[in-house]
Amino acid sequence: MVSAALLATIAVGCLVAAARLRRASWPARGPYVAVITWQVLGLTWGISTIGALLAFGLAPYGKGAIGGLLALTTDVSAHGLHLAKFAAAPFGATRVAAVLVAFGLTLVLFCGLVASTVHVVRTRRRHHDLLELVARDDPEVPGARVLDHPAAAAYCLPGVLRSKVVISAGALRVLARSELSAVLAHEHAHLRQRHDLVLLPFSSLKRAFPRVRVLDTYYRAVALLIEMCADDQARRERSPKELATALMRFGTAGNTHVPAGAMAVGDAEPEVVTRVSRLVTPTEELSRVVAAAVLVSAFVLMSSALALWHLPM
Amino acid sequence: MNRLGDLERAVMEVLWAKDESLTVREVSRALADRDLAHTTVMTVLDRLAKKGVVARSREGRAWRYSPAASRESYVSELMFEALGQTGDRDAALAAFVRSMSGNEAEALRRALAESDQPRT
Chain A
1 MVSAALLATI AVGCLVAAAR LRRASWPARG PYVAVITWQV LGLTWGISTI GALLAFGLAP
61 YGKGAIGGLL ALTTDVSAHG LHLAKFAAAP FGATRVAAVL VAFGLTLVLF CGLVASTVHV
121 VRTRRRHHDL LELVARDDPE VPGARVLDHP AAAAYCLPGV LRSKVVISAG ALRVLARSEL
181 SAVLAHEHAH LRQRHDLVLL PFSSLKRAFP RVRVLDTYYR AVALLIEMCA DDQARRERSP
241 KELATALMRF GTAGNTHVPA GAMAVGDAEP EVVTRVSRLV TPTEELSRVV AAAVLVSAFV
301 LMSSALALWH LPM
Chain B
1 MNRLGDLERA VMEVLWAKDE SLTVREVSRA LADRDLAHTT VMTVLDRLAK KGVVARSREG
61 RAWRYSPAAS RESYVSELMF EALGQTGDRD AALAAFVRSM SGNEAEALRR ALAESDQPRT
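If you're matching them up, the sequences are chains A and B in order. Numbers 1 to 313, taken from UniProt numbering, label the letters of the first sequence in order. Numbers 1 to 120, taken from UniProt numbering, label the letters of the second sequence in order.
These are calculated hints, taken from the structure and not from any lab test. Beta carbons are placed, not taken as given, at the ideal position from N, Cα and C, and that holds for glycine. Warning: the hint list may mix true and false statements.
[As the list claims (entries may be wrong)] Distance ranges between label pairs, derived from CB positions: (1) A:Val96 - B:Arg47: 25 to 33 Å; (2) A:Ala97 - B:Lys51: 44 to 52 Å; (3) B:Gly5 - A:Val76: 19 to 27 Å; (4) B:Asp33 - A:Arg136: 16 to 24 Å.
[Unchecked claim] Below are the EDC-like pairs computed for lysine to aspartate or glutamate, each with C-alpha atoms no more than 20 Å apart in a straight line: (5) A:Lys241 - B:Asp33; (6) B:Lys50 - B:Glu13; (7) B:Lys50 - B:Glu114; (8) B:Lys18 - B:Glu59; (9) B:Lys50 - B:Glu77; (10) B:Lys51 - B:Glu114; (11) A:Lys85 - A:Asp129; (12) B:Lys51 - A:Asp129; (13) A:Lys241 - A:Glu271; (14) B:Lys50 - A:Asp129; (15) B:Lys18 - B:Asp33; (16) A:Lys241 - B:Glu114.
[Said to hold, decoys possible] Short, incomplete list of chain A residues facing chain B, as computed with Cβ under 8 Å: (17) Phe91; (18) Gly92; (19) Ala151; (20) Val183; (21) Ala208; (22) Gly251; (23) Glu284.
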């Protein structure tokens with residue numbers, strides 16, 4: 001029961017930390033550190049929640065989460081699902097429920113990840129097939145495919161072997177050459193660092209629990225951080241000003257058909273303005289000491305959760 | 001681009017250029033300058049049909065092929081996904097910036113204008 005209580009505390013701690021991370025201002029100064037922190041927090045929340053449920057549900061064995069699971073496996077293989085014959089009988093209804101919820105949550109998280117991956121792979125394959133048929137190469141933009149459409153868009157289609165950067169004719173029309181290079185550098189950074197994989201667990205969480213609105217907020221926070229990471233990479237090759245004006249040109253060129261759902265939420269600063277502000281008024285980068293402190297605490301939290309699974313109490 | 005992708009493109013161009021559905025022979029004839037074997041054209045059309053971009057119907061002993069949608073509608077579909085207007089923002093692709101509302105574009109212009117002002 002000690003491990004159950006501690007794991008539950010960690011799970012709640014993750015939720016509190018996520019809520020604070022969402023509101024903190026430092027992530028814009030160190031997007032990479034923030035992205036890693038989000039990943040670790042998410043993973044730790046999963047590990048500690050499932051661990052707490054198991055440790056609580058299997059407490060009659062007195063062996064903690066891992067030990068309890070092993071004992072349960074032995075019992076189930078010997079007696080089937082006949083609870084009364086289990087070594088640690090009697091199991092109360094709440095304990096059985098806790099174990100079932102733990103298994104259910106694991107299943108939902110796992111299936112969500114698989115479903116998201118399948119969905120993403122399918123969408124990409126279709127997108128790729130169509131691109132092959134309708135996009136053209138342009139000597140002006142080596143390494144990118146051009147779509148003949150008047151609206152301004154630039155994006156990348158990640159993939160192991162067939163990743164692509166695509167730019168629309170509308171975007172080519174509004175961008176100056178130097179701005180175009182900045183945009184391409186931004187997109188290539190996404191592809192090179194496989195930012196899509198970073199985002200995948202969060203989009204899968206969102207799909208698994210569509211009613212939990214806060215997950216959508218977190219997903220968007222991570223998505224914005226990833227854009228900042230790519231902006232920072234592009235800034236190494238091009239000037240931040242070029243990137244910022246490129247963003248503005250997209251804003252003024254392609255806003256003809258926007259559904260209500262795409263509007264910025266509430267009175268929050270639009271994400272794109274956040275990106276531009278940090279490009280044009282550079283703030284000091286997150287200091288190494290702070291970055292190290294954040295990462296070390298995140299990893300300590302995760303290791304403690306993992307260690308508590310093994311605590312036989 | 002690889003040869004197969006190149007052929008698929010060429011075949012689609014032929015189909016898009018005609019108003020009616022075509023047989024394999026007719027497609028081959030339109031691509032006469034490429035000197036393709038009948039079976040090659042058939043394979044390409046078959047692949048395109050599997051991808052769902054070509055519709056096929058039987059007429060007598062021959063299959064007739066036509067594009068499932070116009071070139072423009074495919075371009076629109078791709079742009080629609082790219083600008084994140086499908087409502088399902090997920091990790092399939094990453095746009096440089098999603099389409100903006102008028103308010104967002106205005107806020108952006110202000111932010112940039114402010115940065116241009118000399119600091120006092």
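For each hint, the structure was consulted:
1. A:Val96 - B:Arg47: 25 to 33 Å: Given a distance of about 53 Å, which is not inside 25 to 33 Å, the answer is violated.
2. A:Ala97 - B:Lys51: 44 to 52 Å: Because 48 Å falls inside the window, the suggested range holds.
3. B:Gly5 - A:Val76: 19 to 27 Å: Violated - the Cβ-Cβ distance for glycine 5 (chain B) and valine 76 (chain A), about 53 Å, lies outside 19 to 27 Å.
4. B:Asp33 - A:Arg136: 16 to 24 Å: holds (20 Å)
5. A:Lys241 - B:Asp33: violated (50 Å)
6. B:Lys50 - B:Glu13: Status holds; Cα separation ~18 Å.
7. B:Lys50 - B:Glu114: Violated, at about 54 Å.
8. B:Lys18 - B:Glu59: holds (18 Å)
9. B:Lys50 - B:Glu77: holds (19 Å)
10. B:Lys51 - B:Glu114: Not OK: lysine 51 (chain B) and glutamate 114 (chain B) at ~50 Å, beyond 20 Å, violated.
11. A:Lys85 - A:Asp129: violated (58 Å)
12. B:Lys51 - A:Asp129: holds (8 Å)
13. A:Lys241 - A:Glu271: holds (17 Å)
14. B:Lys50 - A:Asp129: holds (11 Å)
15. B:Lys18 - B:Asp33: holds (18 Å)
16. A:Lys241 - B:Glu114: Given pair lysine 241 (chain A), glutamate 114 (chain B) holds - Cα atoms ~13 Å apart, limit 20 Å.
17. Phe91: violated (40 Å)
18. Gly92: Violated - the Cβ of glycine 92 (chain A) stays beyond 8 Å from chain B, reaching only about 41 Å at its closest.
19. Ala151: With a closest approach of 6 Å, the alanine 151 (chain A) hint holds.
20. Val183: holds (5 Å)
21. Ala208: Violated - the Cβ of alanine 208 (chain A) stays beyond 8 Å from chain B, reaching only about 13 Å at its closest.
22. Gly251: Hint holds; glycine 251 (chain A) Cβ to chain B Cβ min 4 Å, cut 8 Å.
23. Glu284: violated (17 Å)
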